[in-house]
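Converting from the sequence shown to the numbering used here requires adding 140 to each position, the first position being numbered 1.
It is worth saying that the hints were derived from the structure and are not from the lab.
Values in this document were obtained by computation on a predicted structure and should not be read as measured data.
Backbone N, C-alpha and C define an ideal beta-carbon position, used for all residues, glycine too.
Check the hints yourself; a few may be wrong.
Listed below are the simulated DSSO-like cross-link pairs for lysine-lysine, each with C-alpha atoms no more than 30 Å apart in a straight line [said to hold, decoys possible]:
no.: 1; residue 1: K343; residue 2: K269
no.: 2; residue 1: K381; residue 2: K343
no.: 3; residue 1: K464; residue 2: K429
no.: 4; residue 1: K491; residue 2: K464
no.: 5; residue 1: K491; residue 2: K372
Label-pair ranges, simulated between beta-carbon atoms [to be verified]:
no.: 6; residue 1: Q191; residue 2: Q283; range: 22 to 30 Å
no.: 7; residue 1: Q283; residue 2: K198; range: 51 to 59 Å
no.: 8; residue 1: Y291; residue 2: S189; range: 28 to 36 Å
no.: 9; residue 1: P166; residue 2: G361; range: 50 to 58 Å
no.: 10; residue 1: A435; residue 2: K360; range: 31 to 39 Å
no.: 11; residue 1: K360; residue 2: A382; range: 43 to 51 Å
no.: 12; residue 1: M463; residue 2: S375; range: 18 to 26 Å
no.: 13; residue 1: P166; residue 2: K360; range: 20 to 28 Å
no.: 14; residue 1: P275; residue 2: Y180; range: 41 to 49 Å
no.: 15; residue 1: A382; residue 2: G422; range: 19 to 27 Å
no.: 16; residue 1: G252; residue 2: L147; range: 27 to 35 Å
no.: 17; residue 1: D461; residue 2: R159; range: 50 to 58 Å
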Amino acid sequence: MSLDANLLFDQLRRLPVDREYTYVNPVTKNKIRIVQVIGYERIVFRRCSQQDSLDSAKNENISYAFVQRYALALKSGLPTNIDRAVGASYNARSVLEALVAHLSNFWVCWPGRLEQLNDGKIVQKEGHKHLIYLPNEGHPLGQICTKDVDYTISEIPTQSAIYEAIELSDVATEAPAVKLDIPIEVRRRHAQIQIALIQIGIKLGYRPYVAANDQSIKYKGELLSNFPGMIKDLSSIPLLKAFPDASSAGRLIDCIWFSEDNTAMPFVMEIEHSTGVDSGIGRMDIFRKKAPKLAGMHWVIVADDAQRNFVFSHSKKEKRDGMKMWYLPYSHVEELYSLINRYDIQEVGDKFFEAFMEQIP
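Given these sequences and hints, build the entire structure.
In structure tokens, the structure reads:
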């Protein structure tokens with residue numbers, strides 16, 4: 141069972157305001173106070189050192205996006221370290237961790253950890269603090285309680301998604317290409333995820349198509365449209381030839397996977413990083429109405445993990461009759477991208493990819 145930001149907001153709202161809360165780490169003697177939990181928007185808090193007064197401390201905020209990112213990492217019965225869950229992106233990590241630890245179903249635990257030394261030897265060491273969510277076990281609200289757990293956390297790196305240099309061309313204005321060495325956590329996530337989906341599709345035995353306006357993107361010096369197995373023009377696909385409007389309706393879909401023999405179209409995907417869920421659903425729906433009705437088709441919204449609730453609410457609102465929609469988070473795309481780069485995974489079938497997605501009811 142996993143949480144989401146709304147559930148965490150509801151639980152945090154139960155904590156009394158205008159009282160002092162302590163940090164999880166007993167060495168940290170600073171104080172925290174909740175000022176207000178505002179809807180599902182943000183948590184307003186104050187913090188100060190032990191010798192200072194919370195009354196004179198400034199108001200600070202914890203955003204919904206921050207809470208959502210942490211909430212999605214919390215799994216029932218599994219220890220979670222907030223630094224690993226959210227990285228160094230937020231300067232109120234310890235505050236959020238402390239407030240969550242005061243909730244009745246969250247416990248502090250110290251699982252052991254495996255660490256790889258410089259000589260390659262793997263050793264077990266004393267663990268770092270984690271929180272564990274136990275929905276069927278509770279402690280008094282407003283207290284921090286610990287739980288002994290028989291877990292060992294591996295800190296040996298096993299997954300990475302590395303994108304090399306990408307060349308982006310402005311097709312509309314025919315501006316010169318601008319070369320960007322893009323790490324995974326910065327701009328142009330849309331292009332990175334698109335490239336990952338293309339390479340995953342090729343490795344799993346599909347023939348990907350990429351939106352016509354993105355085919356001029358270069359990755360590792362090669363046009364996306366020239367990648368082995370890529371489809372350059374939808375009108376070349378035999379199963380679409382009997383549907384004259386299908387090719388034009390689907391030309392701007394971010395990514396489509398066809399079967400190797402071009403007789404099936406199992407995954408139609410829109411990456412919603414900037415243009416909005418509604419427009420992506422609209423493009424897929426227009427294409428759906430013009431394309432053949434094939435068995436086993438998945439209409440997929442690919443979006444950042446923190447956007448899950450937004451994707452679900454808008455997808456339900458915009459959902460078209462008979463359109464079987466799915467959600468694929470960025471983290472699962474990059475988990476797959478890492479897997480195909482480390483292992484010889486080939487032609488495992490639609491159900492394998494489906495396991496990384498969540499159906500939108």
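Hint-by-hint comparison with the structure:
A threshold of 30 Å between alpha carbons decides the hint, and for K343 with K269 the separation of about 39 Å lies outside it, so the pair is violated. Under the criterion of a C-alpha separation no larger than 30 Å, the hint pairing K381 with K343 is consistent with the structure, at around 26 Å. This hinted pair checks out: K464 and K429 have alpha carbons roughly 13 Å apart, not beyond 30 Å. Taken as a hint, the K491 and K464 pair is honoured in the structure, with Cα atoms around 15 Å apart against an allowance of 30 Å.
Only pairs whose Cα atoms come within 30 Å are accepted, and K491 paired with K372 is accepted, the gap being roughly 26 Å. In this structure the hint that Q191 and Q283 lie 22 to 30 Å apart at CB holds, the actual value being about 24 Å. Between Q283 and K198 the C-beta distance comes to about 27 Å, which lies outside the given range of 51 to 59 Å. Between Y291 and S189 the beta carbon distance is about 33 Å. The supplied range of 28 to 36 Å therefore holds.
A C-beta distance of roughly 54 Å is found between P166 and G361, which places it inside the suggested range of 50 to 58 Å. Distance hint for A435 and K360: a CB-CB separation of about 36 Å, consistent with the stated range 31 to 39 Å. As the Cβ distance of K360 to A382 is approximately 37 Å, the hint placing it in 43 to 51 Å is violated. Our hint of 18 to 26 Å for M463 and S375 holds, since their Cβ atoms are close to 24 Å apart.
As the Cβ distance of P166 to K360 is approximately 50 Å, the hint placing it in 20 to 28 Å is violated. Against the hinted window of 41 to 49 Å, the Cβ-Cβ separation of P275 and Y180 comes to about 20 Å, which falls outside the hint. At about 24 Å, the CB distance of A382 to G422 agrees with the hint of 19 to 27 Å. In this structure, G252 and L147 meet the distance hint of 27 to 35 Å, their C-beta atoms being roughly 29 Å apart.
In this structure the hint that D461 and R159 lie 50 to 58 Å apart at CB holds, the actual value being about 51 Å.
Going down the numbered hints, you'll see the structure goes against 1, 7, 11, 13, 14, while the others check out.
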